[in-house]
Every structure is written in C-alpha cells, then in structure tokens.
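Go by the hints and put chain C onto chain G.
Listed here are the chains, written in short residue letters.
2 protein chains.
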Amino acid sequence: MYPIGNLESVFSINVIGLKKSVIRELLKLTQKPGIISFAGGLPSPETFPIAEIADLAKEVIEKEGKWALQYGPTEGDPRLKEEIIKIFKKDGVSVEADNILIISASQQGLDIVGKVFLNRNDPIVLGRPSYVGALGAFRSYSAVFKGIELDDEGIRIDMLRDKLEEMRRMAEPPKFIYIVPDFQNPAGVTLSLKRRKELLEIAQEFQILVIEDTPYRQLRYVGDHIPSLYQLDKGKGYVIGLHTFSKILFPGLRLGWIVASKPIIEKFVITKQGMDLCTPPITQAIAYEYCRRGLLDSHIKDNVALYKKKRKIMLEALDKYMPKNNEIKWTRPDGGLFLWVELPKSINVEEMFYQAIDKKVAYVIGTAFYPDDGGKNAMRLNFSFPSENEIIEGVKRLAQVIKDNLKR
Amino acid sequence: MYPIGNLESVFSINVIGLKKSVIRELLKLTQKPGIISFAGGLPSPETFPIAEIADLAKEVIEKEGKWALQYGPTEGDPRLKEEIIKIFKKDGVSVEADNILIISASQQGLDIVGKVFLNRNDPIVLGRPSYVGALGAFRSYSAVFKGIELDDEGIRIDMLRDKLEEMRRMAEPPKFIYIVPDFQNPAGVTLSLKRRKELLEIAQEFQILVIEDTPYRQLRYVGDHIPSLYQLDKGKGYVIGLHTFSKILFPGLRLGWIVASKPIIEKFVITKQGMDLCTPPITQAIAYEYCRRGLLDSHIKDNVALYKKKRKIMLEALDKYMPKNNEIKWTRPDGGLFLWVELPKSINVEEMFYQAIDKKVAYVIGTAFYPDDGGKNAMRLNFSFPSENEIIEGVKRLAQVIKDNLKR
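Respectively, the protein sequence lines represent chains G and C. In terms of our numbering, the first sequence has 48 at position 48, counting the first letter as 1, and numbering is strictly consecutive. In terms of our numbering, the second sequence has 727 at position 319, counting the first letter as 1, and numbering is strictly consecutive.
Chain G extracted, bound-state conformation (with noise of 0.2 Å):
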C-alpha cells in the first residue's frame, strides 16, 4: 500500500506537482532590513482605518456577539449583500441578493471557479501576462493553460478569436476565459470599452465563460470609468465577477464576493459549503457595519488619493533615472497598485534579481505571471506599498543595477 516515506505516492495527482513558488522564496529576501521593495502587492498600511475599525470592532460584538461569533449561512451575511447591492448600484450594475456569495476573498473565488468548472487538463485562456494567484488556483485543478498577448489596452482580442477558433477545431475548447480589465495585475493595463464590447460577443459566439477579477475596479487615478464586463453582459450570464475587499478597506479581513447568474451561485454556494462551511460572521459583520455607517466612499477616495500620488512619484522617477534604451517601457496604469517594465532580451531578471537585492531592492521577476515560459526580461513594480522618498530611493537603485546589466 501507500508507505509513509513515500507521500509522493499518497498525493493526488492535481497537488502532486505543485511547487513552493520561486517568488514566495525571492520574497522571503526582500524582508532584510534595508531593502526598499517594489515585490509585495500590499496597500499600503497608511491607509488602513485603524482607530474607526477598532471601535466599530467593538461595538459589532457588543451590540450583535450573539450573532457575530456564531456560525453563519454559507450565502453571507444577508446584510452586508445588501451593501455590495449598492456598491453595484453606484458602478451602474443591477444584481439582487441571490447574484451575490460572500467569499473568504477572491483568492478563495479563483479556488471555486477551479473547483466548479476544471476537470483534469482542462484548457483555460488567459492573458499572459496573468495573476500569479491565479495561476496558482487554476494548477491546482492541472488546468493546460492558453496564453494570449497583452498590448496596452489589454488582452488582444484577434489573437483570443484566433485561439478560439483554433481549439474550436481541435474541438478542445476552453471551460473559460480568466481576465482582469481593470489595472491588471501584473501589467497594468485596462481592457478598453471596444475590446470589452469585442470579447463579449466572442463569448457568445463561442459560448464561453469569462471569469473578470477585479480586485482594484474602484482606485482609477486616470481617465473615465469604463463599464465592467459584468455590466456589458446586461445578465445574460457569461459573466462571472470576482471582488474583494482587499485592496479598498483592507486585506485582513479576507472579505470579497463573487456576483453570477443565480444556478452559478447556486452550485459556488453548495461547494464553498464544504471548503469552509462559511466566511467568518464577525468579519463580515465589521465590514457590513463600516459600509452600514457611510464610511467606504470617503476611505476609497483618500485611498485614490494616495495611489495617485505614489503612481506619479513612480512614473516620474522612472522617467528620470532609468537609462535611454529603446528597449526598456514600461505601462503607464490608470490605475490599480502595479506597473510593468519590459528589459532589452539580453536581461535575465531572475539573475539580476539578486544583484538587486544587494543594492536593497526588490522586484517581482516576469515570468512568476507567465501561463508558459515568458517574461523572463519583465519586472512588476508595486508602488502601493512603499513610502514616496522609498519610490525615488528604490528607482534609482533599480536603474543602476539595470544600468550595471548594460553593459556587460
């Protein structure tokens, strides 16, 4: 049978091949004192509402204990749905309370659209660059993945239709298609309202689900609103939409929600009722009594603020000190907490990585965000999380061991 000196034989076959992640190991590196890291993809704790959550905290568990530290429906919080109805109502989206399941946030949403949809090898599309996190979910349900070109307004929308259609005749088609339109992590960029418009018609031509994660939707520093894909689908059901309360109060909570087509939620509610039973009722009831008291908007709007503020640092710094090479860009976000900067072929960013580290400071390495082999001349920065002298101070440093590689 199974001897215990060799689990490798006890594991499933989905977890079996499942790695600690190089960039968990990098980002291990990037906590010795002194180094200014662009790595994480932390908001900045600045923002976090520390003196209002701690009183609402406790009045919450006064007032509502009974409720608050007992078990709750794996639903969610009836009331806090009702909050997220009129954060929908405010972004021009319509959804009633059975649209909605409270998750434990979106990473644990990226878990459920695994858990529902993908059987083994399973195909998928998605951009490439894409979320490391979700990269991670989706292996974990040994999804094959199938990686499409991002420019600067997004996934690009000919190479999708080709894609598809590819795999329409090897009649392999995808189970769906994985997207962040808003400030996509990792590169920045924002799916443009035609491109939106073209890939929910292809998701109808081909019948395809498109999962929009969108963890950042709510902190644009630049540029007009662009309608939601959940928006442009008007509820014909194509559409299945990730959000979190991660990045707009804070990550702590591990709060977020998923909105769908009712049988969609109805099938996510009886599988996250055997992952977890339910999200936390007394983070939910914090939550719910934050957005109940009319405090969201005006954190959200100081958050922008911020973000707005570091972005521009960054940009300008960048602009400063990298060096003059036709082969070094980077995006220009309209919003969100991440940039992406692409390097001349010759750079091997993982090799560079701990030429940086020696110099005190830190990037994410390209290809961590890659479905295939890609990304290897390609960084994430994040500007949430750093101070604006640490912004200028890690610049310059990233410039002069990019400078250094150079010339080799």
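Check before you lean on any hint, since a few could be wrong.
[Claimed, not checked] Calculated pairs, BS3-like style, for lysine-lysine (alpha carbon to alpha carbon, straight line, at most 30 Å):
#1 Lys28(G) <-> Lys670(C)
#2 Lys716(C) <-> Lys63(G)
#3 Lys309(G) <-> Lys194(G)
#4 Lys301(G) <-> Lys466(C)
#5 Lys32(G) <-> Lys474(C)
No wet-lab data here; the hints were simulated from the structure.
Leaving out everything else, chain C in the frame of chain G:
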C-alpha cells in the same frame, strides 16, 4: 461548445453531482417560531465571552492594526502557533511550529485533506455514521466511501481489519481512514484506548494515513482523558489531526489548525495558498490575545460545566419520557454536543420529521450521516444549544411523536 443554458456541461465531474443537502433544507424548517430544535450543531451563545472579546478586539486592532489588517503568512500567525503548542502540551503532546498549519476552521482542513490526497474514485474508510461535513467535503473530490460499523467503543476494529484486507486483495487500498475518536459526531461514542492502539497498529501494518478529526476533545464531562491518536502515533507520521476553536472558544472566528508531519504540512501550506492565501490575520490576532491572557482554560471549564449539565438533563428526560421499547436506545456520550437515538426499524425518521415539526420539535435524520443508505431509523440530538427547559419540553414532544408512530 458550452451552451450557457446547459451549465451541466461546464461543471466539473466532481461537483456535477453535488446537490443541495437534504439536512440543509430540513434545517430551514426548524427555524420556524416555537420549534425546539435538537437539529443544529451550534455551541450555546450563552457561552460566548462577548464583553471580553469586544474589548480585546478593540485593543488588538488599535495596537497591531498595521499587521492584523494586512495580509499574513499562509502558515498562520507564529504567535498563535506558540499558543497552540501550549494547548498540545497540556494534552501531553509535543509538537513544533512546523507541524502546525492554521486554517479557516476544521472544515477547511477537510477540504485540504480531500484536495491533497484524493483522486477521483479513490476509496477512503470511515465510520457509519460519520460527520456530515466530512462526507460533503470528500464527496466533492469524488471519493468512494467504505463504511465501518460503530459500537459503544467507537469504530469496530475487527471489521476495519477485514475491510482493509479485502481492499488489499482487490488492490484498492484506501487513501486514508477518517475518524472522529472523541465523542463522535453524530453518534456520541468515544474510541477506547485499546482500539486506538489497535487502529494505529493497523495504520502501520497497512501503511495508511489516519485523519483524526477532534473538534470536541476538550469538552469531556464524564470519565477519564484518553490520549489522542496523534499522541499515540509518537511522531511516526501516520496521523493528521484536525482541530478547531469553534467549540472551545466560538465558531464565528472560523479558526482551527492541522497538526501533522512536516512534509505533509509543507504540501498543505502550498495547497492552502491557492485556496485563500491566508486565514484572516485579524481573527488570528484575537484568538492569540485571548490565549495569551490565559482566558481559554477557564472558558473551557465554564463550557464543560454548562454542557455537562445539559447532557445530564437530556439523558434524564430521555430516560423518563421515551417509550419503553427494546428497540429504542440512545448513546450516553462522555463529551461533545450530540447523542444518537436508534428507533425500531418500522419508523422512517424522514417521514416522522414533518410530524415532529408539526409538534414543534426537530432533530437531524440519521440518513444524513451515512456514507451509504443506512440511518433510516436513527436521529442525532444536540444538547448544547437548547436551554435546559427546552431540552425537557423538546424530549417530551419528541417522545410523543415516537409513541404516535409506534401505534401505527
């Protein structure tokens, strides 16, 4: 490709068959006003340390908000792990931090176990009856259940050995044995020390992992402490323990932990990362602070005193009011929240459920807990949630419903 109108064609094979649980639908009926419910599995809210938690949450958020409201490590808050190590020490078990993974309560532990060990159609061995949430979690990975009878000393080791030998002959070894050794949910029986030792001998002989799910371990009202399977395994690596704060503190935190050998914890960490990145740092900080202040022990003592009394009242009421009939019997649990009633074969507990609801009393039908089609004449009764008067009045009503059914 996939018509949206035919979602069944898009769902994964594992979840296609997952239906809304019958108990869940029945439980909705138990929430009508005036019904005394023995159906839930809820701790009594009168045990919740509401005022203490309210104050402590405020202090923790004020002092540590910068960390408690941020993302945390997947492994869990290292300080909380130290408190868990102390909990184990009191239970006679020596573990290190790397043997522990903090999880979003033990239901997530069951999901992780399923994801890490189960391929589609993998057989597993478990009691009949078994905890319904475990059945749900393992069903979502398309496990094949091999049920083993329980008696007053827990799972029948002789039958377990026979089953394992049969499976070995068929070259279909189980991935693991799932067991709730202490005050089993639903049956209320406790695995004797002799059987624990025999079970571990079998685990070694057949090279099989044992999942020890023990949410009520600290809630013993009668008799002597029995060492856990994890303790008796002496670090050989055959036992994976699932633990939770739900029953010893309160469920609303959704906080628990897994204890296992380091290579298993390492794989669990990678797997959990794709599931939810981390358990909320805010709930972990609250639990840590509660433990650090030394409040947990006296809280558990209070719980034990309360539930011990309720258990006694329920047993006395059953002795007094239940019809005298050789075919009617119930377990006398030494701890936990539940006892198990068996009725004459002529009674169908699902049909009788609606009559019970008419008489304003509710239970969980035995069939919910069976990995096969057993349990048609059995029911689970909870004594932790209802008040003492409700227990007496509810048992009276239930006894009357059973009497009415015996006459038919």
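Structure-based check of each hint:
1. Lys28(G) <-> Lys670(C): This hinted pair holds, its Cα atoms lying about 20 Å apart.
2. Lys716(C) <-> Lys63(G): 28 Å, holds
3. Lys309(G) <-> Lys194(G): 29 Å, holds
4. Lys301(G) <-> Lys466(C): Within the cut-off at roughly 25 Å; holds.
5. Lys32(G) <-> Lys474(C): 19 Å, holds
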